Amino acid sequence: MTEQEVTSEILGVLRSMDLFKGKDPDELTEWLGKAPFEGGAECALRQFATGERITTEGNFGNTFFILIRGTVRVTLGSEAQPLATLGQGSFFGEMTLISGLPRNASVTALEPCEAIEVPRRAFEYLMKKPGPFRTLMDQTYIERGLANHLRTIPEFAGIDTKVLQELVKKVRLRIFSKDEVVVEEGEAADSFYLIREGFVRVVKKMAGGEQRTVAYLKDGAYFGETALLSDQHRNASIVAMGKVEVIQVMKEDFFALVNRDEKFADSLEEEERRRKVEKPSPAASPLGFVGEVVERGLIKATSALVIHLNVCTRCGNCVKACAELHDGISRLTRHGMLFEAPQRQAVNLLEPLLVTTSCMHCLDPECMIGCPTGAITRDVNGEVIVQDSCIGCGNCARRCPYGNISMADARSREELAKQRTGAPIIGGYLKLWKTPENEPMMNEIETNNQKAVVRRIAVKCDLCQDYHYNHGCVHNCPYGAIERMDASAYLYEVRGAE
Amino acid sequence: MSPAKSLVTGARVSSSRRQAKAAERIWQVIALLAVVALSWWYIAAHRQPSPNRYRGLVLALGWIGISLSVLVAGLSARKRLAYQGVGKMSVWLTGHIYLGIVAAFAILYHSAFRAGGPLSAWLLAFFSLTIASGLMGWFFSRKLPRLLTAMEESPAIMEDLLAVRAQCLQGMLELASAGSPEFRELVHQHLMKDAGSWKRMLRFYRRRSTLAQELPAFQKERAAALGRLKPGERPAYQRVTEYALRVNKMNAELLLQRAMRGWLTFHIVTTGTMFGLAAVHIFTALYY
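Going down the list, the sequences are from chains A and B.
If you read the first sequence in my numbering, its first letter stands for residue 1, the second for the next number, and so on.
If you read the second sequence in my numbering, its first letter stands for residue 1, the second for the next number, and so on.
One thing to keep in mind: the hints can contain errors.
To be verified - Heads up, simulated DSBU-like pairs for lysine-lysine below, C-alpha to C-alpha not over 30 angstroms straight-line: (1) Lys199(B) <-> Lys178(A); (2) Lys460(A) <-> Lys193(B); (3) Lys218(A) <-> Lys178(A); (4) Lys251(A) <-> Lys178(A); (5) Lys128(A) <-> Lys23(A); (6) Lys21(A) <-> Lys218(A); (7) Lys251(A) <-> Lys162(A); (8) Lys218(A) <-> Lys263(A); (9) Lys5(B) <-> Lys218(A); (10) Lys243(A) <-> Lys5(B); (11) Lys204(A) <-> Lys218(A); (12) Lys218(A) <-> Lys128(A).
Claimed, not checked - Part of the chain B face toward chain A, derived, beta carbon under 10 angstroms: (13) Ala4; (14) Val13; (15) Ser14; (16) Arg18; (17) Ala20; (18) Lys21; (19) Met89; (20) Trp92; (21) Ala115; (22) Gly117; (23) Pro118; (24) Leu119; (25) Pro155; (26) Gln257; (27) Met260.
Claimed, not checked - Derived CB-CB ranges, DEER-like: (28) Ala150(B) <-> Gly209(A): 33 to 39 angstroms; (29) Ile385(A) <-> Phe113(B): 57 to 63 angstroms; (30) Glu340(A) <-> Arg114(B): 41 to 47 angstroms; (31) Asp160(B) <-> Ala489(A): 40 to 46 angstroms; (32) Ala489(A) <-> Arg114(B): 22 to 28 angstroms; (33) Leu32(B) <-> Ile369(A): 53 to 59 angstroms; (34) Val86(B) <-> Lys204(A): 18 to 24 angstroms; (35) Val86(B) <-> Glu340(A): 31 to 37 angstroms; (36) Ala188(A) <-> Asp160(B): 49 to 55 angstroms.
Read the hints as simulated data drawn from the structure, not as lab findings.
Since the model is a prediction, treat every value here as computed from it, not as a measurement.
Ideal Cβ placement from N, Cα and C applies to all residues, glycine included.
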């Protein structure tokens, strides 16, 4: 927003909000105008007509909104169950920026509205500094997030809204990083936990002292109730498998809830019985393919690039097509994680699958955390893309746990045109053992490499967003050996509800 | 048609395997119907008593054969020039295979199973070679990936294999040059031969075994030589035996990867020659 656009009315509304307590008009004007990087998104004043949808539940977003004029309605689910009505000086849409998850409610204008759309970068700028903005955002995130999350868990669905709201004020949101222990086997039980985001491993000590993973739990699951209800020590450890957010309900609050709501107590007991019946003996449970998929992080993949090795003739057409469609730089390499996976048509037969080094468009992309220009974003489908405002700091490449982002030299249009010569038509056939990595197009990149002067940018798979068909690599494989798959859907197909 | 999407986020996904299989079934049906129709036409003409019974048929089959061949050769253009679309490559390839089969029948019926003059004899020979090399490619593309995958410890591209092989050979030479004359002799006279041995390569193919599975037996075979070496050189000798077997294994994998690409050169050369001869054949047939 330019200085002229920041009117006294806008400043008045902002200054009346607790979020911006203590900020003077100049500071606010400067913050609203912050867009120091070319191509980076900046704060913008938006107008919405009556009935217009401002945010849609389930879509990913890179912005949040501050309502300057008018009222909006927040609704949940396909039946548009009303959650709240917000007026001037309210804000919404911040959840997706904090959690990296899709928007969990829809917001519709009830009358002509005016709102400031704040991009991730401007949001992170204030979140980095201690102050009322950060404190209030964290508090709102916990309250709104927990209330919405608890409603999605069947055991909590029947609980009275008032009881739930009371509970939300008492619980704690705790964040664990990879390999951190959430609860330790043998320790006294003092709380009950609900997983809000991420995956945890349930680990048990075996007779010989060996630690064995006996199960994996994901968001929506809960643990710790067994020890509380039976008044025993923890019978297993819970270890975070990446960034994990859990809701901690303290012992007394948990029992207050159990004593108050019989249905809740019954559903917990029912779940406990089901776990006892279904749980395989730890000694005989290697967790197989499912365990491996979770353990190696593939479960987070919403669009993993997978090669069926028994079909792939190693012709390299996938890499060649990718390079051809992306300025001579391939976004995939035929290396990666190897799995012995059940076949779709015959799940008892295993086939070797290679999950290539290519962006998996993770459910919770770690690469997006801390991008200084907000260049790495998700579109509404959750596809992770690098925008032109990338300054080549390499932060995303370092953060990606799978090494799927690389840094490359940004080239001028003339140079790119020179590279895009295509493979030789007849000569190419005669070079029997040439692969795309070795062809002139690629050599030219190496020989022209001027790292000292050429701007570097992050490159990763963009699912061929600029083309009219899906995925150049898949489209150009002559043998149909390569596909983009959703790990959860694939697991569901081969393993059912396991 | 809207693209398939992830159930969790909505990111686009796509299954190439399923589409390739579906496309193959369609092409199979088309090819079968076409071959049956051509055969029925040829047999029906063959049964007619008239001496000119083949005249119209021969010409028509010739034009059908060459038109299909040109269409089939379109795969090459799709593969080399059009990364940006014009249909899925797997659909093109299955079309190439099955239309190629139909073209083969059309041209065989056109020839009436006779070689004719020298030009048509050469044309038929190159046509047969094109079909044979195509079938070879088809066979390789179905069988060799499975064999290669069974042998590989981890999937490697050709550049990786060449680099590892070069490193192993260099390691062998460095260890040999630092050793005693007996050690050098053992490396150069025996282990270098083992590294290039076809017999050992075939063993990898036959057993579909990995390096870890073959190494103990190989080192046991070569253990007799240990007695000729100083005790201090024995660990180095064990390392050289491992390098030698690894080189052999790399050669086995490289050969498979080259076979999967190499047949194409032969296919292209025979196809090119066939089209050249066909052009002359058509010109002479039309002119005279």
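To see whether the hints hold, each was checked on the structure:
1. Lys199(B) <-> Lys178(A): Distance of about 49 angstroms is beyond 30 angstroms: violated.
2. Lys460(A) <-> Lys193(B): Given pair Lys460(A), Lys193(B) is violated - Cα atoms ~45 angstroms apart, limit 30 angstroms.
3. Lys218(A) <-> Lys178(A): 14 angstroms, holds
4. Lys251(A) <-> Lys178(A): Holds. Lys251(A) to Lys178(A) sits at ~26 angstroms (cutoff 30 angstroms).
5. Lys128(A) <-> Lys23(A): 16 angstroms, holds
6. Lys21(A) <-> Lys218(A): 38 angstroms, violated
7. Lys251(A) <-> Lys162(A): 20 angstroms, holds
8. Lys218(A) <-> Lys263(A): Holds. Lys218(A) to Lys263(A) sits at ~24 angstroms (cutoff 30 angstroms).
9. Lys5(B) <-> Lys218(A): Since the Cα atoms of Lys5(B) and Lys218(A) sit roughly 21 angstroms apart, the hinted pair holds (cutoff 30 angstroms).
10. Lys243(A) <-> Lys5(B): 25 angstroms, holds
11. Lys204(A) <-> Lys218(A): Holds: Lys204(A) and Lys218(A) sit about 18 angstroms apart, inside 30 angstroms.
12. Lys218(A) <-> Lys128(A): 29 angstroms, holds
13. Ala4: Ala4(B) check passes; min Cβ-Cβ to chain A is 8 angstroms, inside 10 angstroms.
14. Val13: Given a least distance of 5 angstroms, the restraint on Val13(B) holds.
15. Ser14: 4 angstroms, holds
16. Arg18: 8 angstroms, holds
17. Ala20: With Cβ-Cβ at 3 angstroms, under 10 angstroms, it holds.
18. Lys21: With a minimum Cβ separation of about 7 angstroms from chain A (threshold 10 angstroms), the hint on Lys21(B) holds.
19. Met89: Since chain A brings a Cβ to about 5 angstroms from Met89(B), closer than 10 angstroms, the hint holds.
20. Trp92: 7 angstroms, holds
21. Ala115: 29 angstroms, violated
22. Gly117: 30 angstroms, violated
23. Pro118: Cβ of Pro118(B) sits 27 angstroms from chain A, so the hint is violated.
24. Leu119: 24 angstroms, violated
25. Pro155: It holds, given that the least Cβ distance between Pro155(B) and chain A is near 5 angstroms, below 10 angstroms.
26. Gln257: Given a least distance of 5 angstroms, the restraint on Gln257(B) holds.
27. Met260: 5 angstroms, holds
28. Ala150(B) <-> Gly209(A): 33 to 39 angstroms: With Cβ atoms ~37 angstroms apart, the hint holds.
29. Ile385(A) <-> Phe113(B): 57 to 63 angstroms: Holds, since Ile385(A) and Phe113(B) (Cβ atoms, about 60 angstroms apart) stay within the stated range.
30. Glu340(A) <-> Arg114(B): 41 to 47 angstroms: Taking Cβ atoms as reference, Glu340(A) and Arg114(B) lie about 54 angstroms apart, which means the hint is violated.
31. Asp160(B) <-> Ala489(A): 40 to 46 angstroms: 32 angstroms, violated
32. Ala489(A) <-> Arg114(B): 22 to 28 angstroms: Hint violated: Cβ distance 57 angstroms, outside 22 to 28 angstroms.
33. Leu32(B) <-> Ile369(A): 53 to 59 angstroms: For Ile369(A) against Leu32(B), whose Cβ atoms are near 56 angstroms apart, the range 53 to 59 angstroms holds.
34. Val86(B) <-> Lys204(A): 18 to 24 angstroms: Violated: the Cβ-Cβ distance is about 56 angstroms, outside 18 to 24 angstroms.
35. Val86(B) <-> Glu340(A): 31 to 37 angstroms: Taking Cβ atoms as reference, Val86(B) and Glu340(A) lie about 36 angstroms apart, which means the hint holds.
36. Ala188(A) <-> Asp160(B): 49 to 55 angstroms: 53 angstroms, holds
Consistency note: the structure conflicts with the earlier hints numbered 1, 2, 6, 21, 22, 23, 24, 30, 31, 32, 34.
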